[in-house]
Every structure is written in C-alpha cells, then in structure tokens.
Amino acid sequence: DAKTTQPTSMDCAEGRAANLPCNHSTISGNEYVYWYRQIHSQGPQYIIHGLKNNETNEMASLIITEDRKSSTLILPHATLRDTAVYYCIVSTLNYGGSQGNLIFGKGTKLSVKP
Amino acid sequence: GAGVSQSPRYKVAKRGQDVALRCDPISGHVSLFWYQQALGQGPEFLTYFQNEAQLDKSGLPSDRFFAERPEGSVSTLKIQRTQQEDSAVYLCASSLAGNYGYTFGSGTRLTVV
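Going down the list, the sequences are from chains W and Y.
Letter by letter, the first sequence follows residues 2 to 115 of our numbering.
Letter by letter, the second sequence follows residues 1116 to 1228 of our numbering.
You may find that some hints are simply not true.
Computed beta-carbon distance windows for the label pairs [what the hints assert, rightly or not]:
| no. | chain 1 | residue 1 | chain 2 | residue 2 | range |
| --- | --- | --- | --- | --- | --- |
| 1 | W | Arg82 | Y | Thr1226 | 41 to 51 angstroms |
| 2 | W | Ser112 | Y | Ser1120 | 52 to 62 angstroms |
| 3 | W | His41 | Y | Ser1120 | 42 to 52 angstroms |
| 4 | Y | Gln1199 | W | His41 | 22 to 32 angstroms |
| 5 | Y | Pro1123 | W | Met11 | 33 to 43 angstroms |
| 6 | W | Ser42 | Y | Ala1117 | 11 to 21 angstroms |
| 7 | Y | Leu1154 | W | Ser112 | 36 to 46 angstroms |
| 8 | Y | Gln1132 | W | Ala14 | 43 to 53 angstroms |
| 9 | W | Asp12 | Y | Ala1117 | 30 to 40 angstroms |
| 10 | W | Met60 | Y | Ser1221 | 11 to 21 angstroms |
Note that these hints are calculated values from the structure, not bench results.
Think of the CB as a built atom: it goes at the ideal place given N, C-alpha and C, for glycine as much as any other residue.
Here chain W stands alone, though its shape is the one from the complex:
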C-alpha cells in the first residue's frame, strides 16, 4: 500500500499557482519524497524530489514540513498542459544508491481550467 495520502482531485485556474498537498506521516528518516505526474496516455514523468530541505527546479518547488510528515508540490504558474495525475511517493534508495522501487497510490487529478 502507498505510504502517502493525497486529495483525489483539485482544480486550478490557468496562470495561478497550483499547490498539491501530500501527507506522509509514517515517513522514516532515510526515505525521500518524490513527485511524478502522468498525463493521459503517457508514462509518468519525474518532477522533483527531496529529503528534508525545500527544493526547486525548472518545473516546480517542493516544500517539506520540518517534521517531514507532509509536503506540498507547487507549480508556480499552471498551464493547461499541467493537467495530469500527480503522484507523491516516499521511497528509500536502493542497492546502488539509486532511487528505489516506487509505490504509486492513486494520486491527485489536477485539472487546470482556462
């Protein structure tokens, strides 16, 4: 079973920030938080990951609470192309220090509306 809890769906107006929450209250000290998204009929796409510090890249920002029990993915200026299912996943590193097996839940279906 997935170790995260996400809202089933969210709406966001085009051009506004989309803030997607995720609860992971049982996260352990060596588990990272990963975010992926899946646009219809495509494979999942990696967005960002973090351990305890906030992270930002060209796609999004990841805010992790100090106790690490929850996080928020922020898409600063959502576009129609950001409509997708967003998955929040916690996972350890595997044998070679690579990202481990991912357990996807049902994710949040984000609909960006004009």
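The hints should help you fit chain Y onto chain W, whose structure is shown.
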C-alpha cells in the same frame, strides 16, 4: 534516442498466447524497471535490473512473467499463456546510477481477448 522506447505500442493477444514486450532504455542508464498499470490505477512495480542483474523480481505476479536484460541495455518482458487479467499497460523506466528520477517510456498496452 532521447527517451525510453517501448514496442509494440499496442498488442492484442488471444488468451493462452505468449507475448514479448521490448524496452530500449536511455543509453548509459544503469537502472531499469518494469511496472504494470491497470486501467484507472497507479503503476505497480514488477521487477528491477541494475545493468544485466535482476536484483528484484518480487512484483512479478506469477511464474508466467519473465524479464531479462542480457547485455545490460535492452530488456524484454515475456508473458506466457496470457490471461485476461494480464490486460494492462506495461511501463518501462530507466535511470542513471545515483538518486535521479526515472524516465518512463510511453508503455505497451496489452489487451488479452
């Protein structure tokens, strides 16, 4: 190529038929994963390779499922005696060594009739 390539894109198999699904990862990617995604669900882990070594096959649902990556690059997922419950999208992902995100392919949609 620039991404992970999977073939065929669609496959229709008669119940009992064997199928082989191919994954061409990004050149130089050490890690390779297979996932199964049923309609309306998130992907579920099947198996993991590090180079040619299959280090985890705990997600394979039965002994009808077999995966290989003999030279550490291209991988094949084989399903023997297909059954209707095998109908799903099969996704392949690869990544560099180290804590990097996976790159997924577009998947193979298998329909067993």
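Here is what the structure says about each hint:
no.	hint	verdict
1	W/Arg82 to Y/Thr1226: 41 to 51 angstroms	violated, 28 angstroms
2	W/Ser112 to Y/Ser1120: 52 to 62 angstroms	violated, 30 angstroms
3	W/His41 to Y/Ser1120: 42 to 52 angstroms	violated, 20 angstroms
4	Y/Gln1199 to W/His41: 22 to 32 angstroms	holds, 24 angstroms
5	Y/Pro1123 to W/Met11: 33 to 43 angstroms	holds, 35 angstroms
6	W/Ser42 to Y/Ala1117: 11 to 21 angstroms	holds, 19 angstroms
7	Y/Leu1154 to W/Ser112: 36 to 46 angstroms	violated, 19 angstroms
8	Y/Gln1132 to W/Ala14: 43 to 53 angstroms	holds, 48 angstroms
9	W/Asp12 to Y/Ala1117: 30 to 40 angstroms	holds, 33 angstroms
10	W/Met60 to Y/Ser1221: 11 to 21 angstroms	holds, 19 angstroms
Of the numbered hints given earlier, the model fails hints 1, 2, 3, 7; all others are met.
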